[in-house]
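Enquirer: Here's the letter readout for the chains.
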Amino acid sequence: MNFSEVFKLSSLLCKFSPDGKYLASCVQYRLVVRDANTLQICQLYTCLDQIQHIEWSADSLFILCALYKRGLVQVWSLEQPEWHCKIDEGSAGLVASCWSPDGRHILNTTEFHLRITVWSLCTKSVSYIKYPKACQQGITFTRDGRYLALAERRDCKDYVSILVCSDWQLLRHFDTDTQDLAGIEWAPNGCVLAAWDSCLEYKILLYSLDGRLLSTFCAYEWSLGIKSVAWSPSSQFLAVGSYDGKVRILNHVTWKMITEFGHPATINNPKIVVYKEAEKSPPLVLGRLAFPPPRAAAGPLSSTESEYEVASVPVSLQTLKPAADRANPRIGIGALAFSPDNCFLATRSDSVPTAVWIWDIQKLRLLAVLEQLSAVRCFQWDPRQARLAICTGGGKVYLWSPAGCVSVQVPGEGDFQVLSVCWHPSGDSLALLSKDHFCLCFLETEQGVGTAFGQRGDHT
Amino acid sequence: MGDWMTVTDPGLSSESKYISQYTSETKMSPSSLYSQQVLCSSIPLSKNVHSFFSAFCTEENIEQSISYLDQELTTFGFPSLYEESKGKETKRELNIVAVLNCMNELLVLQRKNLLAQENVETQNLKLGSDMDHLQNCYAKLKEQLETSRREMIGLQERDRQLQCKNRNLHQLLKNEKDEVQKLQNIIASRATQYNHDMKRKEREYNKLKERLHQLVMNKKDKKIAMEVLNYVGRADGKRGSWRTGKTEARNEDEMYKILLNDYEYRQKQILMENAELKKVLQQMKKEMISLLSPQKQKPRERADDSTGTVISDIEEDAGELSRESTWDLSCETVREQLTNSIRKQWRILKSHVEKLDNQVSKVHLEGFNDEDVISRQDHEQETEKLELEIQQCKEMIKTQQQLLQQLATAGDDDTTSLLRDCYLLEEKERLKEEWSLFKEQKKNFEKERRSFTEAAIRLGLERKAFEEERASWLKQQFLNMTTFDHQNSENVKLFSAFSGSSDWDNPTVHSRPRQKKPHGAPSGSPVCTSKLTKSLPASPSTSDFCQTRSCVSEYSSISVLNTAPEESKPNQVGRECTNQKWSVASRPDSQEGCCSGCSSTHADAHIEKDDLP
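For the protein sequence lines, the chains are A and B, in the order given. The first sequence finishes on residue 459 if you use numbering that gives the first Met the number 0, and the numbering steps up by one all the way, no holes. The second sequence finishes on residue 612 if you use numbering that gives the first Met the number 0, and the numbering steps up by one all the way, no holes.
Just so you know, these hints were derived from the structure itself, not from any lab. Among these hints, one or two may not hold up.
Coverage of chain B stretches by chain A, computed from C-beta distances (three or more under 8 angstroms per stretch; other residues unrestricted) [unchecked claim]:
hint	stretch
1	201-210
2	224-230
3	244-256
Across the chosen pairs, the derived CB separations fall in these ranges [claimed, not checked]:
hint	chain 1	residue 1	chain 2	residue 2	range
4	A	79	B	213	33 to 43 angstroms
5	B	342	A	259	28 to 38 angstroms
6	B	198	A	402	53 to 63 angstroms
7	B	196	A	28	35 to 45 angstroms
8	B	198	A	125	24 to 34 angstroms
Every residue gets a Cβ at the ideal spot worked out from N, C-alpha and C, and that includes glycine.
Let the sequences and hints guide you as you build the complete structure.
Expert: What follows is the structure, encoded as structure tokens:
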């Protein structure tokens, strides 16, 4: 495991290009594009103001930089550095901007969700989509980039519009049986759309591409409902995390629940491996301290050493008592993600913020629990294999794979607090983002990883 | 005599006085308590009686006092103190005997009274203590009653309070319920209101948005614009197409195509899954058939009605299996058949497995011991065999060794002598060791022999002594026997004298020594006699006689109590002589005679006996 040197960064804006060749990062109003392997600067663009959002186009040719404060979007071309494009939303304002899957249109959401403007880079044409709903996840494209599903609100009723991305024609328009639609998401195969109600009601609706209602699922009533939703990459399962601390898995044939994953604070089953991060007093390696070792080996040498230990069951996890009198209580399943090979599901219960549960989807049971010393900030699966990267806002990055798990100290002077992680599309490297800096963590190939895991003694 | 009289008189009079006093007092005061007190006080009074009553009788008034006493005594029912007067003219004379009798009686009376008084006193004390006890008890109980009453009142009070509370709580509950209802109503109304408001707000919001939109859009905002250096080509290289009905139709087509593709894909997957499942099913079926077919014969032989039909089905299925084409048919037609056959086979398999389970459990339950025994027997046999073999082998080895030695001695001298030498040396050593060992053993053996001889000598001595003892004992026995003969004859005489019939008494006496032998038969019972009679016709054995003896002895003891002391004597008779007597006594005639002479009370036994051949 090698680490790059540390680069400057602002607002956690750092993204690999979809083809994996480049890495874009922002420093205030500057956009820096580097080669993902050598990390040499390829291009440097200067925007008009502080960049608040960046996004690569699907073909990795353009990058859009959104300057929400100014209501501006600036687009840069990688091939033609002199090419530029500036979109001004004027007095309508700007709250969100994104690429269409073809990489030639930009969808800008104006303030107050008045409308969505679709700007084309090919022609001078501008399209407007009215009545977009201001919600958690109102815009979703199918993976093949053909269709766009959009949540709408008209006359106090929720609607979903399905548009064809090639010419922005409306394909289907139907109302959903929801009180307050909270989000929509296409299945990876692009044939099923999941729509779920706001947290006040547990309700998830499944629509076919042609607008037919396939199924409705409601686990319970009169309590806070859905908090997070995730499709499995094969579109076979839909995982629904809710405020009752459970994940329910629906199947794609009958759209009924297959199983229910509870997140108890105590783990009694001896089959479940519980990895517990434990602090270790720093070992006395004076010789090594005297001669600074190479970067790769510098990792474990840190003032606060910690490593995973396999805890013997029963294990009780640290739970947070939610404040019942405040909005957005810290309960329920806040995050869940399927591994790219469909075999595992990683979840985080907000009431047990330090733990990540990993479920075996083939056996439909809990496989492992990773308990860190501090609350989990984010976790992300390697896009190519079953490997999970976790960060907790501390100086370490945690990796889990079915073979075991490992915690790696990020080297460097001072504290490098990993607030977010971002995988390279090939899964070979990992960008670690802190508040002001980022660095790359290069993971070895299969064999290399194996040896790396072997060298560190704390994997099991 | 007069002196004596004077001396006794005051006592007597005092007694009478006391009695009169007592009686008068009793008459005066009916309350027993009071009389008791008086009684108590009268005891010290009697001590001063002499001085007090000295005035009662003086020289002058003897006559009067006597007459007075007489009167008094007669009134109390005592005989008169005077002699019966023969004539009226003759002066009545004092009857001293009567006086003395009276005095005696009075004294007795006094003693009795004193005793009674004591009794009464003790009783009184007892009663008093009882009373105290009872009073205490009463007080206690009263206290208890009081406390329990208080408790009861307290409990009642509490109950009342609780009831009150309960009522209050009920009221509160009712109120709460009402409130809940109210609140629910409020919530519902609020919710509707909220929804309504929300809708209103949202409408307003929408209106505002619309307005804003119009304002923003209509203003021809110059700012809303896109500055592009030059337009880029489309990713797919095509040019943008116009929006027409055609494109719409094409979109629809495409959408349906996608959906169709998806469904096709899913169908393919399902088909594949189905095929796999079918394969598994087929395999399972094949395996089942192959598993069940060897058993086919067995149930056939048993000709079970239920399994027979099923098995034929299996055969059919087996035939069916050969036609693989059926599997590729759409399930509609085959499904039922298939599932049915599978189910049947499964049932057979299940029953078979259950049977096997039962068998296994049975074997486990029953067979454990048998198996164990068998195995042990086998084991023992085996070990015996092995031991035999080992012995044979050892013998073989011995002979071989001997042969080898012989050969070695017979071999040529040059080489063998050397070998022999070393052998001899070794052997010498070994022999020496063995020799020493032998010596030790010999010593030990001799020691043992010595001890044995000593023990033998001792034993011989003891035996001698025992023989002597025995001889002397026998002698004595013999002597005793002869003396007993004398006594026995006497006894017989005695018996005949006592019971009258020596005919049946004889065996009783002679059998008596047999009493030494413990016999479980209850003597004297009719059952016993019946036994006796039954066994009579057969050749009489000693045990039979035993019974007869015991029974008869009982009769004898019952009928003639006096024989009991004699019984002890015959017991000492030696066996040699009794046997002789037995032979005499065991004649059936005499026995019958004895039984017939037994008594009429055992008539049943006789009847039974008569039935016998």
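Enquirer: For every hint, state whether the structure bears it out.
Expert: Consistency of the hints with the structure:
1. 201-210: holds (count 4)
2. 224-230: holds (count 7)
3. 244-256: Result for this restraint: holds, n = 7.
4. A/79 with B/213: 33 to 43 angstroms: With a Cβ separation near 38 angstroms, residue 79 of chain A and residue 213 of chain B satisfy 33 to 43 angstroms, so the hint holds.
5. B/342 with A/259: 28 to 38 angstroms: Holds, since residue 342 of chain B and residue 259 of chain A (Cβ atoms, about 32 angstroms apart) stay within the stated range.
6. B/198 with A/402: 53 to 63 angstroms: Given about 56 angstroms between the Cβ atoms, the range holds.
7. B/196 with A/28: 35 to 45 angstroms: Between residue 196 of chain B and residue 28 of chain A, where Cβ atoms are some 44 angstroms apart, the hint holds.
8. B/198 with A/125: 24 to 34 angstroms: Holds, at about 32 angstroms.
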